[in-house]
Amino acid sequence: MEISKDYAVQMRGITKIFGNFKALDNVDLDVKKGETHAILGENGAGKSTLMNILYGLYEADAGEIYLNGERMEIKNPSCAIHSGIGMVHQHFMLIDKFTVMQNIILGNETTDKFGIINTRKAKKRVLEIMSRYGMKVDLKRRIRSISVGMQQKVEILKALYRGAEILILDEPTAVLTPYEVDELLEIIENLKKDGKTVIIITHKLKEIKKSSKECTIIRKGNFVDCVNVEKESEQSLAEKMVGRKVKLSVEKRPASPGDIVFEIKNLNVTCERGLESVKNLSMTLRRGEIYGLAGIEGNGQKELLEAIIGVRHVDSGKILMNGKEIQNKSTRYILDSKISVIHEDRHKDGCVLSMSVADNAILSKYRERKFCINGFLNYEERDKFTDQLIKNYDVRPIGCKNTKIRNLSGGNQQKLIIGREIANNPDLLIAVQPTRGLDVGAIEYVHKILINLRDQGKAVLLISLELDEILDLSDRIAVIYDGSIVGEFNQEKANENNVGLLMAGGKFNDAQNS
Amino acid sequence: MTRKIAKLLKTPFFCTAMAIFFGSMVACGILLLTGYSASESLAVMFNAVFSRPKFILNVILKSTPVILTGLSVAFAFKSGLFNIGAEGQYIVSTIASTITGILFDFHPIIQIPLVILSGMLAGGVLGGLVGILKSKFGIHEVLTSIMFNWIALYLCNFVVNIERFHKQDSDGTYSINPSGFTLLLNDWKFSEEGRNFLKDNPILSDIILKTDFNLNFLIAVLIAFIVWVIIYKTKKGYEFRVSGLNPDAAQKAGINVQKNTIYTLFISGLLSGVAGAFSITGTSIHNIQTLSMFENYGFNGLSVALIAGSSPLGCIISGLVFSALIYAGQSLQFKIGAPSEIVNIMIGIIVFFVALVRIVPTLVNRFLEREESLDVK
Amino acid sequence: MLNNILIAISITLMYSAPLALAAMGGVISERSGIINIGIEGMMSIGALAGAAVGYFSGNAWLGLICAGIAGGLMALLHAIASITFKADQTVSGIAINLIGPGVAIFLSRYFFDGAALSLPVPVKLPKVLDQKYLQGTSFENFSIDVTVLIAAVVVIITWFLLYKTKWGLRIRAMGEHPAAVDTLGVSVYKSRYFCVILSGILAGLGGGTITLAIISQFTPTAISGQGFIALAAVIFGKWRPFGAYVACLLFGFSQALVVMLGGGTLSVPSSILAMIPYILTILVLILFVGHSSAPKASGVPYEKGAR
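As given, the protein sequences belong to chains A, B and C, one line each in that order. Adding 26 to a residue's 1-based position in the first sequence gives its number in the numbering used here. Adding 107 to a residue's 1-based position in the second sequence gives its number in the numbering used here. Adding 1046 to a residue's 1-based position in the third sequence gives its number in the numbering used here.
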């Protein structure tokens, strides 16, 4: 394609190398002015890297960028902002302690003399932008007290406040409810009407269909294709993204639930700010089933998990594991009651990045007789066990036992962690966002492991913000909203509409009818 | 070839050696700028340490307390805690050892362990207190440690002035009873027989007669090994390391991080306590004196631990280097009139470079990666 | 009685002034995300520079300015290590604490013929209120150093800078989430350099006020722990200017207690008195403060474009 004024963004031959890893290799991108353009690719394909280059956060090792037909050097975010580019990152760049207003003006403050901040002028502008694009955000609230959906709007406001004509959204729907997704699509529609260009980075096929006209597909740092979305099916998009035939749905036999293994009765928990986070919550898990807990971030999932594993105080109610009360017991006691956890943030909670793979392999089992004799660690057993995990769970590179786990890819780290937890032979496995940040191959693998575990008669509690994952994997689906379970469905009864409605705070009766 | 060199560059030992080299260079530069001969200074410093057996032994003896406080700091570092309170723990240990050493007078077999244990315990309790304040009340360990350092200092002055302990017309207490001394051959070397023997052996006489000849250094080395074993070979050590590197993951793995904080600081305090106790039992004049300022045994432990990169065995070497530098600095002033503080500056610069060269392995890795990616191309 | 109270207030303010200056430096640096444990070293060098320049030029004000510059230079070292080289900020700070006093005494010996003590400065920094003005009133024993005013003004300016201006907003944001600030086109590196150097200047001024207003010469023990007390004040005050200032006043007041009761008729040994502020601090922390929350990104080197 030629360089032309009709295109808001054109990138040519972009190459980026991190160490010995080629993140991008000669990638082209053409985004028409006033359109929504999707960039599709797996986790780690290089989508975000490409956009970070456009936004001036990384410098490309080779390649050119053209904006509106003109060659541009975008050396830093400042340049990008001046050229009318705004970006909403996947992990929001917001300061928790600040108010919405402070976050919006940060770096672009309206001031009186001596740099004294005067928000009056800024406020007028922000209000005007909000009304133009149909957004409503309380400017005085602090970021930590507003929902994720709101935070995203703040991020969009930030970009528009700086006069963005081209808006990049990195995985914008990952954390939203179906209702919020619709809201976002409406905002995008309004932006387009106003002549703005929107680039959406995503690995979700449905949304591309809904939002975009054109789509650029990237695989392992290489440009694959730029397609007209209307002419493609979800299946064909998926194949282009992964590079082989993929099954879009998860294959599994119907569940055959057995005895009750885990039970929560009328649980109440408060968070560190003194608010009730889990309210009168009850649930029952049986052997041989996957119980999915759907809900938007911040509805008490975090506190619920912390209460279960004993790092947060339970105010009232009971948690029973195999009939034994475990509430307010030590974490060690709870884990020893045959509960294992795959944490959402593996870098923070799941492993010790600067320790070796072998040391990480025994993290949840170093106390076992096998690994510890009279208070001394048994390194031989540790190594044997690690080798086994590496082999059984296909952790690569082979022989990585003594390298630091930091140097493994996310997928391999996760495989090791899952293998480790399953080796505990738990009766209940709690998996929180177990596929976050993994590529399709790894995701399929993890799903298979969870289903296998179920088929062996274990209970799995799957907590995820990704509704699709919950709907695909779970035998029963419960929705948590504002600290309570507001509805429960069997898999065949659940769908995006009724679960989504509950996630957004709708009534169970309405949801059953929808 | 490059790979081999790169690998060498990455070893902590080499990084530290480089830091010491740079530190010396800068120190020489300062001496030159201020009009002293660098080569002469180096010669003086070298002679100050190596020219007589007595000097070498003194360096070794003087390294004992800083090796121990270094271990104390390093041990806490390994668990992610910053024990800036080693100074105070050292001081309370000297106080406790002195008190028990004066009050009791048992047979050495009981007296020596009693004196040392009381000192250790005092240090341990102070460290443990910091741990309790951190894990139960969430108060930053650096803050409480700084406070306790001062409290310990004034406590020392208070004890010195208690009538029961105060030695008249001095600014110190009585010496502890000789039954608590850990000097070697102390009775013998001043006996008739000893004197006669040593007269004929100038080298032995130099080391035995003219120093506080004792075995505390060897015990410190032994303790360094024990600390190493605890950190790297035991279950608790594994817990400590996990808690230090990632407290969140530790907690989620069922490790009681708060309890371990208390244990760690208690043990750390014990180690500083040994340093304090040894100073009382092993060096004349075996007492505590009014402090107008910190004597820096604990703070020096910080430097020792940092130069050693928190490695317990590394503390032995860095403690020796540290002690040699201090010892040499004194003679620098004495011999050529160059301010002995040049040594403090030098140690500071070494620590500074230690902070900088910590990134050398990362740089080397980056370099290697680049080479590889070029190969790929 | 009134007399004693007035003297106590005078001494409290006098001793808290250098602490407050240094503590404000600490607040600014840590709020921007760089731990500054090297305040002590920066104060030492400031103390020497102040005394030496004050002595040779005969002008205490010039001395004070140079004290600030010297502290700033020392801080530059810390900034280079912790920002450009992403070194461990604690280690670098400790190094500064070793280098600072070392260089100070070394230079003292160099300038003053091998003496670790400098010669006294001919004129100390003036007092804004003392007997001259209050003669004959019942406030005769009341006095306020000009440094007390400077400290108070600096505290107010620091608060103003941090909470009212755009630079303050950015500094506070940087300490919480540097990447966010970077994506908005504000250079984290440059701003952090500015904060660390400013923090050194303030610490240097703090050191200078000790040698130019409280004692009139440099001695090896002129700076003995004030830097650490200032550091404690920062944490005690929860990284807020006024909170830290209150902590400094508390430490200053306890100094006053020692001075006043120590030589008096009371039978309490001076060493026990001297302990009181530190015990008090710990008690206050246990009873009232509890979990202190440092700026989130404090101590974490910021790597641009880190993956």
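Some hints could be false.
[Stated by the list, open to error] Using 25 Å as the maximum straight-line C-alpha spacing, the simulated DSS-like pairs for lysine-lysine come out as follows:
{"id": "1", "chain 1": "C", "residue 1": "1132", "chain 2": "A", "residue 2": "101"}
{"id": "2", "chain 1": "A", "residue 1": "427", "chain 2": "B", "residue 2": "114"}
{"id": "3", "chain 1": "B", "residue 1": "117", "chain 2": "C", "residue 2": "1132"}
{"id": "4", "chain 1": "A", "residue 1": "427", "chain 2": "B", "residue 2": "243"}
{"id": "5", "chain 1": "C", "residue 1": "1170", "chain 2": "A", "residue 2": "123"}
{"id": "6", "chain 1": "B", "residue 1": "243", "chain 2": "A", "residue 2": "374"}
{"id": "7", "chain 1": "A", "residue 1": "374", "chain 2": "C", "residue 2": "1342"}
{"id": "8", "chain 1": "A", "residue 1": "257", "chain 2": "B", "residue 2": "114"}
{"id": "9", "chain 1": "A", "residue 1": "374", "chain 2": "B", "residue 2": "114"}
{"id": "10", "chain 1": "B", "residue 1": "117", "chain 2": "A", "residue 2": "396"}
{"id": "11", "chain 1": "B", "residue 1": "111", "chain 2": "A", "residue 2": "430"}
{"id": "12", "chain 1": "A", "residue 1": "430", "chain 2": "C", "residue 2": "1236"}
Calculated from the structure, these hints are not laboratory results. A quick note: this is a predicted structure, and the numbers were derived from the prediction, not measured.
Evaluated hints:
At roughly 22 Å between alpha-carbon atoms, residue 1132 of chain C and residue 101 of chain A fall within 25 Å of each other, so this suggested pair holds. A threshold of 25 Å between alpha carbons decides the hint, and for residue 427 of chain A with residue 114 of chain B the separation of about 19 Å falls inside it, so the pair holds. A hinted pair counts as satisfied when its Cα atoms are at most 25 Å apart, and residue 117 of chain B with residue 1132 of chain C qualifies at roughly 17 Å. Taking the CA atoms of residue 427 of chain A and residue 243 of chain B, the gap is about 37 Å. The hint is violated against a cut of 25 Å.
Of the pairs offered as hints, the one joining residue 1170 of chain C and residue 123 of chain A is violated, with about 44 Å between alpha carbons and a cut-off of 25 Å exceeded. At most 25 Å may separate the alpha-carbon atoms for a hinted pair to count; residue 243 of chain B and residue 374 of chain A meet this at roughly 23 Å. Restraint check for residue 374 of chain A and residue 1342 of chain C: satisfied, since their Cα atoms lie roughly 15 Å apart, inside the 25 Å limit. About 55 Å separates the Cα atoms of residue 257 of chain A and residue 114 of chain B, which puts this hinted pair outside 25 Å; it is violated.
About 30 Å separates the Cα atoms of residue 374 of chain A and residue 114 of chain B, which puts this hinted pair outside 25 Å; it is violated. As the CA atoms of residue 117 of chain B and residue 396 of chain A are separated by approximately 35 Å, the hinted pair breaks the 25 Å bound. Straight-line distance between C-alpha atoms of residue 111 of chain B and residue 430 of chain A comes to about 20 Å, which keeps the hinted pair within the 25 Å bound. Annotation: proposed proximity of residue 430 of chain A to residue 1236 of chain C is violated, straight-line Cα distance about 33 Å (limit 25 Å).
Violated hints, in rising order: 4, 5, 8, 9, 10, 12; the structure is consistent with all others.
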